[in-house]
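Please arrange chain B on chain A, whose structure you already have, making use of the hints.
2 protein chains.
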Amino acid sequence: MKKLRLFTPGPTMVPEDILLEMARPMEHHRTAYYKDLVKQCHELLQYLFQTRAQVVTITGSGTSAAEAAIVGCCPPGHKALVVNNGKFAERWVKVCTTFGIEHTTLPITWGHGAKAADIKKALDADRKIDTVILVHSETSTTALSDVEGIGRLTRERGALLIVDGITAVGAIPVKTDEWGVDAYITGSQKALMLPPGLAFVAVSDRAWERIESGKMPMLYNDLKAYRKSLQEWDVPYTPAISLVRGLLPVLKGIKERGLEAIWKETAMLARGTRAAAEALGLKLYAADPVDSVTAVVVPDKVNEATLRKSMRDKYGFQIAGGQGELKGKIVRFSHMGYVDAFDTLGVIGALEMCLLGQGFNLTVGAGVAAAQKVFAEAMTH
Amino acid sequence: MKKLRLFTPGPTMVPEDILLEMARPMEHHRTAYYKDLVKQCHELLQYLFQTRAQVVTITGSGTSAAEAAIVGCCPPGHKALVVNNGKFAERWVKVCTTFGIEHTTLPITWGHGAKAADIKKALDADRKIDTVILVHSETSTTALSDVEGIGRLTRERGALLIVDGITAVGAIPVKTDEWGVDAYITGSQKALMLPPGLAFVAVSDRAWERIESGKMPMLYNDLKAYRKSLQEWDVPYTPAISLVRGLLPVLKGIKERGLEAIWKETAMLARGTRAAAEALGLKLYAADPVDSVTAVVVPDKVNEATLRKSMRDKYGFQIAGGQGELKGKIVRFSHMGYVDAFDTLGVIGALEMCLLGQGFNLTVGAGVAAAQKVFAEAMTH
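Quick note, the sequences are listed as chains A and B, same order.
For what it's worth, this note's numbering labels the leading residue of the first sequence as 17, then goes sequentially.
For what it's worth, this note's numbering labels the leading residue of the second sequence as 17, then goes sequentially.
Read the hints as simulated data drawn from the structure, not as lab findings.
The list treats identical chains as interchangeable, and a pair is accepted whether it falls inside one copy or across any two copies.
Each computed DSS-like pair below joins lysine-lysine, with the alpha-carbon atoms no more than 25 Å apart: (1) K240 with K343; (2) K231 with K110; (3) K95 with K231; (4) K240 with K110; (5) K103 with K244; (6) K103 with K136; (7) K95 with K131; (8) K343 with K51; (9) K51 with K19; (10) K103 with K240.
Isolated chain A, as found in the complex (with noise of 0.2 Å):
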């Protein structure tokens, strides 16, 4: 028997039930069941980003929701300030650069997260920034960043803050209005563990008023349509229905569960792994790690690409390797959604035993013996 169980940071399992939900007949989405639908989702999505705010959902990549929201909230006459530290981070300098927007790029050294401090310095540096973007938990390098701190700065000075959440909504802490975050994103295959095809993002007052003031060139990706459309708890262009669909029970199931006790369980994870990493001898990749995916440096002599490939072939796990210049240094383990202790176990031992047949130096059940203890620890209270 081969099972496969997918580790990737996005796409993540999806739940059977979820699965058969989003099989059920086809329905129209310009019916009274499909408005229910809708308002339905906008209180839960309202619960999942800790906020009070619109939440838009966009059928797209996360890229479309991030496109949609620094190019709104960057008009002509406006200035960002955009962290680098990843290949995400990457991408939204990017978006800036494609729309001519005013910017200036803040490089952070990949492994690391945006702090207050480095945020602070730009400002001061550059009185005309009035708009930060970062990336919270960047899913290449597996960095945090610290938008709570980074969320007092930007109040304190006016601007506006602009989170790619996309690894961290669902998974980790995230207060939207609590932190002062102005456009929260995130996409429906990470911790919201449904198939890629929707995006969302949390649009505070004061964004909206950046949003509406500016007329940039963007109709798909334009979020004034779908605020407009909100109002009657309808949508501006056809949406991913069955995917719709499938939110609903993902978005009860969380609320259910409640936020803290996945933000905990998610960290449990994280300190799982990070324990059997270091039992196995293997060294973590960030300097700042976040709790939703764990980056392992793959050590000499192991290759990277047969390691990942022996994972998927030999025992069913797909795992995440590296992005840009890490490709081929890092293998990666996502904490999100639809995973638990024991898929975790499983993943552990998967790894012990491709390491070996590499003819890497290891106490097998060292690895999967650390996590046990870390999530034991955790369980049996």
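Chain B in isolation, oriented as in the chain A frame:
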């Protein structure tokens, strides 16, 4: 018992086996498995569009692909002629306005399609126009435009032809290469009988030249990135994996049945529906009716909202009303995708019952019999 049957011109019904295919456990998109899926789909999409050109798949509504094609093909220095003969045509005018594309709008009375003579006159009047944008099957009015004739003209003039084929491709004759269409657009939720969430554009070499030459403000909808990825059967942004997995068997099924046979069957369903309407003393709306959707004028004394509500609530048939200025005046029946003659007899039966319910004077069974006559003639040979 009350079965739900969608007769809306998108979304249409999804075959049960395709629903289950999409309910299979999630797979990752950076894998050999997914590359092979992309490759197979691409080959079959070329058959669907009748083209040797590249066909780009975008995660989004049809509007995203139309925006991608129009904006990509109209960088500064070019001028477009946009036919406006319905709600969707109007949206493409709005794309031109939003992105500052130099254009002339050619208004055509609703219910009518664009003809080569209209386009010729407009091109003669303004030699600067080098791009023509129109809707093949204008879903809002059910009017058919003469893409073949217009394609002959645009090739003679060296102009690009961009066609919204959202309710045309896979339903009625579409011959991208033979007709010389440079960008043909469609969506997943019409003749492709999938849930909404995927959009497609077949892009000619001439169109690629234009797209590559220009630098328009777009990232998510920038076709250049999709083209580059497609060379390695890859995608630039996380795709709607479950929908793409449903796409493959749908396209295989279309190839097995053969496009000619599908076009013939769609035309037969439209003929049967039109015959039924006539037999019931109902008027058709379109002057140039398309075969993928039929619009019937709601008679005086019949309330359109009540009619649609009773169709749905009493008998389970979801039909569409009119949009914009046609709201309350017409009802529309789709002939696309997973719908056959026997489903169509059903919807006509329900229509008769609902008209009777509002005191409309008709001969019970006259509509059903008229459609049955058309179907029997076509299907018993």
